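A.B. asks: Chains as they are written, first to last, in our numbering: chain B, 1 to 227; chain R, 1 to 455.
Derived by calculation from the structure, the hints in this document are not laboratory data.
Any given hint could be a false lead.
[Unchecked claim] A few chain B residues facing chain R, derived, Cβ under 10 Å:
1) Ile56
2) Phe59
3) Asp68
4) Asp76
5) Arg108
6) Val111
7) Glu112
8) Lys116
9) Asp119
10) His134
[Stated by the list, open to error] No farther apart than 30 Å at their CA atoms in a straight line, the calculated lysine-lysine pairs in the BS3-like style are these:
11) B:Lys101 x R:Lys173
12) R:Lys375 x B:Lys101
13) R:Lys132 x B:Lys122
14) B:Lys113 x R:Lys92
15) R:Lys375 x B:Lys191
16) B:Lys81 x R:Lys435
17) R:Lys136 x B:Lys191
18) B:Lys48 x R:Lys132
19) R:Lys133 x B:Lys131
20) B:Lys182 x R:Lys132
21) R:Lys336 x R:Lys240
22) B:Lys116 x R:Lys375
Since this is a predicted model, take the numbers as computed values, not measurements.
Backbone N, C-alpha and C fix where the C-beta goes; we use that ideal spot for every residue, glycine too.
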Amino acid sequence: MAASMKNIFQPVSRLLLRKNPGLSVVCTRGSVYDQSYLETSKTLEEIKRPLAEDDIRRFRKIKAANTDDNTFADSDVVVGKLINMITKCGRKEVARDIVMKALEYVKRVQVEKYHKASDEEKTLIVLDPVKILHQAIENGKPLLITCRVTMSGQKHLVPIAPSERRQNFLSLKWLVSAGGDKPHRVRFHDKLGQEILNAFNEEGGLIQRKQEMHKICEAHKAYAHLK
Amino acid sequence: MKRSIISYRSYCQLLRLWSSKSARVGSSSVCCVKDNIVTSLPACFQLTVPPGRSYCTSTENVDEEEDVIEDDIDDVGPTIPVFQHRTNLPAKFRTQHDDPTKFSLEDVGLYYKVSPEDYKKYIQSGQWPGYKKQVKTFTEATVMVRQPALEVLDIIENANYDYPPLRLFFYGKVGTGKSMSLSHVVQHCGHQGMLTIHIPDFNELIRHRTSGVRPHAPSEYTDGLIDYTDDALNWLQYFKLQNEELLKKLNIKTTKEYVWSARDSTPVGSDILDLLSFGLERKKYSSDCIGAMFREIKKAANEKRVKVLVAIDGVNGLWKNTTIKDSEKKIINAQKVSTIQHFHKLFEHNWSNGICVGTLCPSVEAINNTMYENKMDVPYTPQYLLKKEGFDYMDPFVPIIVSEYNFKEAHNCIDYYIERKWIQSPRSLTESGKKEIMMLANMNPLQLMTISGRF
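Next up, chain R with everything else stripped away, as it sits in the complex (with noise of 0.2 Å):
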């Protein structure tokens, strides 16, 4: 946690002397930078200029672009870099090396790329249908780095884990990256070698399905319950794809007898996997199995044995409503249906050596939600999404807002579509044209994927 603060003030510092610089000189910096040498700073700070940015504007448009340079520069104001305003140099979007492990702030705005297996295993499910749509014409996948998922990451580098397991939100406006931000994280952890337990999207286990009602069973263990069968089956694949290599190698054994019925029993000490596959292949007692594998993996958490990370995306979801009615014809809430609350309890106190990350998102407060006609709408702030009841129950939390780009990143956005040739019209080459789409966007990064068609 030191470390990182000490590197984001000096980081801040840096970037506070090159606007005060570039307000104090005016037009004449512009031309030091010309040059890519920026000689009105001290000599400490010149190596550490990186190569001018933006594509693919031809060599015909330099001279009108340069009377804009000057305009810009008054109307900004001091908190953009010089070095942002330039044209005609290759632009610099992309990380140098793409292991998500190894970023630091200077990365930060920057795209990496995911290689296929690692696409498919941990960052395809829970995003937006316009990503995919992006990633198959693309023809690859890429995350931007951003700074709210380096703070996480840096925590949980840092973290005491002898306590019980501390909880860090991610929360903001609609589209502007949550979701994205934890498949970062838990891209991160899983090559760390962390068990993860990630549920990608809550909204399917909430929402209306056209298909037809939900498949769901009353439960065996408990009474006044519910299973979900189809979803929890689903979940435990989903499981298996993340955590299959890691579990062989762990040799976690079970340390309790579990009676599914009459004939059915896993006795003590057989191993994990095989309780899993137990539960892919009976999809009655496929929610009971969720429970307790976790059982088991707490219990070799808190033997040091292995560190876990719990991610959910959209936590408010688990105080919401579901679309089942039970045989009173009441809707049944979400805290009634066993499969979620297994997820419930993990956000306990009685286990250590783990940590729970998770979104708040307004996307599934709006779901079946008469209030709101437009998800955008919706408030976004932690205590109006948790109610009082999630609040509560949450309440020593770390709260990270993720905000809509900045200038940097919106542009370096931009960037990335023209090189894969997704931003196609002459004019929107130009600086002039992207600034016409960030205004549209309002640098909002679903905003500027979903725009970015027109042009």
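Okay, chain B solo, but in the shape it has when bound (with noise of 0.2 Å):
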């Protein structure tokens, strides 16, 4: 009875990954939007601009904010992606706590630097992190990046063009190991702080695991001409 019991009420998901799916399944779950729906404003001005007569926002239905969404002024949608990739079992805002600490570790630097420097050299130093986040990201991109192809049984690593997507999580996901990589005593968010400056800089382990990528793919050009 209970071996019965189990399999009606297995989840959707466990049904549909087996060989031979039951034909009575139909998939429902997706988005709990349709395509009807609007994407909510986020930021002030956005929100606070009046609406005009015939904008399309009063004649269709608009989407639900995100919880953590805000318009604070330190919001900025690269570090979200960058908390999100760090958040282990849902914690968020422990996640939260060692971007921003790592952050201050950039901007502590850089001050230091700029009132220590003269007035020529003053003009040349960036001093918000978030920019030098956003250029250190920029430096990381790998513009080609492998994937594997089997052909008459054999498997070959093909070079191709990433997308731009693409692009941004894997320059994310390599400065976040980057970070992981140290000694037992030094602190994640001082070591994330070093390499977000080191990539800035054109050095340091994420530019190193970028030209790794491309050595490897210089290596396996013979097969690009498989995809």
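With the hints as a guide, bring the two chains together.
C.D. replies: Laid out in structure tokens, this is it:
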């Protein structure tokens, strides 16, 4: 009895993963919102601007805002992505704390350099840590990545040009893994801050990882025609 | 004392006059302040209005912010003077001179610079680690002049030194600037030529150490007590740093023969600096040296040769438990540590020509206390922190509350950060952005320091 009950209440995803899914199962679960819903406005300027009479937002339904969206002056898209990348076990507060401390470290180094520099050098120093993070991730983007292709039973690594979304993801992922590569006593947020500064200056773990990927692509360029 | 109350009253009246005017006139008063002359006020106040405030907003933002100003006056109410709302004029958040002895109530809420020597001598130890980092990154040390510190300095100037020492205690929530006010007082008194006996941080004498058990030994002088060896030595070095020049001038001689052991003894009539250097050389006797030195200093103070300031950060720690255990594996109370006992005796009534200042810290109460996970939750009232035993011992004392920043001080703090390039995000340079930071930090100085790191 119990066994049959189990079968009935099996989750839908488990059923879909089976080799021969039952014919009666229909996948209904996707996004809560269908295509008719509009995106929420996320900046203060957009919220405060009055609506025109023929604005679409008057006639269409709008998605609810995410729980972590805010309009504070320190909110940023790339920083949000980095926080999500670091989060483990749903403890987002801890991850946010780490990222903020890392950015503070970057700012500390730059501001101290600024006050010690002469007047001519002061104009060249970038102080905003968010700008530094953006530039660091821009520097870490790979131009070529590899993907696996099976041809006549043999697997080959084939170099391909990644999409921009994939570039961003890899750059962020390598940044986090470079921050984790540290001695036991050093704090993670300090090392992450160092890595951000290093990548901004075109050196360090993130840039090294990118160059390794380029080398692999160079070695396998004979298979480039496969895809 | 009388003088301070008179000046304070007049300042209050001035503020009240401004505020009442601004509330009555409404939007028209804003137009007046644009030209930096408040025409709606009586003629006698026109010169006293300081030039407009706030710092780094560009000329493009001015039009938007003027709208904000008009809205805010209705919301905030009559307690805030009008001139604080201006945004496109250079800010005034620094004092005109850096002499710590000459500040008046006009300088409240402004920053003054501390020289590197003074920073090492009086202010560095005992502050939050964030403050030390801040000094390093800004490449200068600054302290804000605040009202509680000035209140204490006024009492110190006008107290009667024929009576036993007065007790003045700062109290307040965590991170409101009790230790900073205390170190301002110590710096002032050091410049005035007073002898300063300063414990910068009582946490360090009580809390658990990660590097191992705190070095200690049974006391030579009295049975049943224990000595801190390393901590006493460190404190003597700190005392020497603060007062060596003064002690050379005073030339205090010992009035009693101190016999340390069969070989070592300090004869009658030797200099007090010899006693100090003996304590620095022999770690075993440095705790007893502190007691002997205090005895001589008290006698010199009674003869009116020198004024003495006793400043202890975290007075409520005098009755806390330490982390050391005795032979029966029972935790030893701070009352049974001779090093702490010497400081405890300074609060007695048996001497004059001195003054005792201290702080009551919730963070000291939170050590080894399982009741509170966060030290922000600990109650901060004197009666709770001192408990019954401490309150009875200290009983006639003057409590002085250190509260969070008011609107003017918080604005000055943020302007200072902007001037030092610490706040970077472009939106937080505007008036609305500053208000966001103030709201997030709840105008708490410590929170402002930490939260401004994000922006």
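A.B. asks: Would you settle whether the hint for His134 of chain B is holds or violated, based on the nearest Cβ-Cβ distance to chain R being less than 10 Å?
C.D. replies: The hint is violated - His134 of chain B has no Cβ within 10 Å of chain R, the shortest such distance being about 13 Å.
A.B. asks: Take a quick look at whether Lys48 of chain B and Lys132 of chain R sit within 30 Å of each other, Cα to Cα.
C.D. replies: violated, 41 Å
A.B. asks: Is Lys116 of chain B close enough to Lys375 of chain R, meaning Cα to Cα at most 30 Å?
C.D. replies: Status violated; Cα separation ~37 Å.
A.B. asks: Holds or violated: are the alpha carbons of Lys132 of chain R and Lys122 of chain B at most 30 Å from each other?
C.D. replies: Holds, at roughly 24 Å.
A.B. asks: Please verify whether Lys336 of chain R and Lys240 of chain R have alpha carbons no more than 30 Å apart.
C.D. replies: Holds, at roughly 26 Å.
A.B. asks: Check whether the Cα positions of Lys182 of chain B and Lys132 of chain R lie no farther apart than 30 Å.
C.D. replies: holds, 26 Å
A.B. asks: Would the pair Lys375 of chain R and Lys191 of chain B pass a check requiring their Cα atoms to be no farther apart than 30 Å?
C.D. replies: holds, 28 Å
A.B. asks: Mind checking the CB of Arg108 of chain B against every CB in chain R and telling me if the closest is under 10 Å?
C.D. replies: With a minimum Cβ separation of about 5 Å from chain R (threshold 10 Å), the hint on Arg108 of chain B holds.
A.B. asks: Tell me if Phe59 of chain B is really an interface residue toward chain R, meaning its C-beta lies closer than 10 Å to one of theirs.
C.D. replies: This hint is violated: Phe59 of chain B lies away from chain R, its Cβ roughly 31 Å from the closest one there, beyond 10 Å.
A.B. asks: Given the hinted pair Lys133 of chain R and Lys131 of chain B, is their alpha-carbon gap at most 30 Å?
C.D. replies: Holds - the C-alpha atoms of Lys131 of chain B and Lys133 of chain R are around 23 Å apart, at most 30 Å.
A.B. asks: Holds or violated: the hint that Lys116 of chain B contacts chain R, with Cβ atoms closer than 10 Å.
C.D. replies: At about 6 Å, which falls below the 10 Å cut-off, the nearest Cβ of chain R leaves the hint on Lys116 of chain B intact, so it holds.
A.B. asks: Does Glu112 of chain B pass the interface check with chain R, least Cβ-Cβ distance below 10 Å?
C.D. replies: For Glu112 of chain B, the interface hint holds, since the closest Cβ of chain R sits about 5 Å away, which is under 10 Å.
Violated hints, listed in ascending order, are 1, 2, 3, 9, 10, 18, 22; each of the other numbered hints is respected by the structure.
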